[in-house]
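Visitor: Make the full structure from the sequences, and use the hints.
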Amino acid sequence: MFLCIISAIVIKLGINVHGLAVFKNNISNFFNQSAVNKSSLLTKSFEQLWITIKYTATGTFIGFILGFLLGYLSSLRITNNFTAIFVKLGIIFFRSFPVVIFINLFNTSFNSDLSAIIIISWFSMLWNAKYIADYIENSKVEQFKKFVDRSQNHLSSFINNIFIDIKSKILVLFAYSLESNFRWTTILSAVGLIGIGQLINDPISINNDFASTLIPLLVLMVFLLINEGALYLFETYLVARKSYPKTNNLNKLLTIKKYLVYLIFILIIAFSIYSIFSIRLRVNNLLIFTDFFQRLFDFNKSFFATTTFNENPLLMIILLTLQAILILGIVFIFSLLFATLCSNLLNRYVSLFFKALFLIIRTIPLIIVFRLFNPLFNSGISTIVFIGSLYFSTSLAKKIYVLINSINWTVVTSLKSKLYTNFEILRVYIIPSIRKDLVTVYQLEFESILRTIITLGAYGTSVIGQLLDIYIYRGNIENLGSYVISIMVYLQVIDLLSIMVRYKKFFYTNK
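Its first residue numbered 1, the sequence shown is counted upward by one per residue in full-length UniProt numbering.
Because the hints were derived from the structure by calculation, they are not lab data. Here a beta-carbon is modelled for each residue, glycine too, at the ideal position from N, C-alpha and C. It is possible that part of the hints are untrue.
[To be verified] In silico BS3-like links for lysine-lysine, alpha-carbon gap of 27 Å or less:
| # | residue 1 | residue 2 |
| --- | --- | --- |
| 1 | Lys258 | Lys140 |
| 2 | Lys355 | Lys399 |
| 3 | Lys436 | Lys169 |
| 4 | Lys167 | Lys140 |
| 5 | Lys355 | Lys436 |
| 6 | Lys257 | Lys140 |
| 7 | Lys436 | Lys398 |
| 8 | Lys24 | Lys12 |
| 9 | Lys169 | Lys355 |
[As the list claims (entries may be wrong)] Cβ pair distances, simulated, as ranges:
| # | residue 1 | residue 2 | range |
| --- | --- | --- | --- |
| 10 | Ile159 | Leu253 | 19 to 29 Å |
| 11 | Asp437 | Ser417 | 19 to 29 Å |
| 12 | Asp202 | Leu267 | 31 to 41 Å |
| 13 | Ile333 | Gly90 | 35 to 45 Å |
| 14 | Val222 | Lys252 | 34 to 44 Å |
Guide: Below is the structure:
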């Protein structure tokens, strides 16, 4: 709490007293469709949505396959330690680059269609590798080692012991990766990714035209709601492990489920192949990579000698950290509140109402929410702190209410019979029961917040993110390097500390 207060003072949060009129005008323009060619914009929205679906599905599939391979190679407990550490450090190194760097490089080096596939593949690979490595290392590793010691083939032992154990998690991870990438494209459109996100982002950025964003926004929201429903059905009825009553049709039911999963992935593979052959693929100039990185790492060191928060990268990192801590503090409070409203702790109809409400909110791109409310605050930093925190809380609430609903509800029922209030039950039993999981969830959310406010720096969500956008636009790579290197070292330290905590037992016991 003390850190949050200090953060609020240092980053100078405030409200724009003259912004209410602009906000009202933006809302009015948003719903005023009189000057919009609706049929043309609707057609264009579906065209851009189709483009987004093609490159997102293809990129996610390619990235997931590569991520699985990297996750396997970086698993300390099943592969050669040197190989695992080398691959893990490589993943950490490339994950530490601000998103805008590789998007800019890929957009410059390849045509827009190929660039979009590579962008989604690249980031899917890096993010999924981390989770898959965790799944592998928390599975039946001891059993795997016993089979290997008995001279069983390493790969067959992996498939028979570890992959079988984590198969459901892997399938769910792929489904969630696909769903989150569809959402993520709207944020990446702010830094040059093609697709329906540009139809939503560009009119506001270029002409402050909110009216032209409503139709593509509705198209995207409907698609995301359908996608969310499909994800729920996939996870609940095809992937989740359940205990079934023994009947004559049990084997038939399980076989049908298995073949349905196979069919879905065959269709995704076929669709990915179709997408690759149906778009223009052109390489512009790969030498850009060599020149860029040479200049990037030959960075301007004079910025580190300055004493102002608007120039010194290290001071900006401090500001960034304080900003992320403040957002996380607000998210902590509201995500717990929202999760409780969606949990089994309350009446079923209340829970369903808030689940539906937060689901609809999650389908609205952060860009739209940010741009609509930005006039009410004195800076983009204040907007992302106040509005962004509430937005992040709705997404995080979903993860937390799943944790809440997974606890032993017999104890909750007993506490209710003793006239404990819902707040008391939450404080005395629920939060202590899921405390370890909450620590992991909020730790990952802190990193996610950092990356988001850096990525949206073009809108003033962070000082250092704004400078990244300025120097990339100007092509001043040496100055850009000062801030990129600082961000990279910072994110690498966070990643390494996280790994040290996670593998503490392994490092010290070497089990």
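Visitor: Identify every previously stated hint that the structure contradicts and give their numbers, smallest first.
Guide: none
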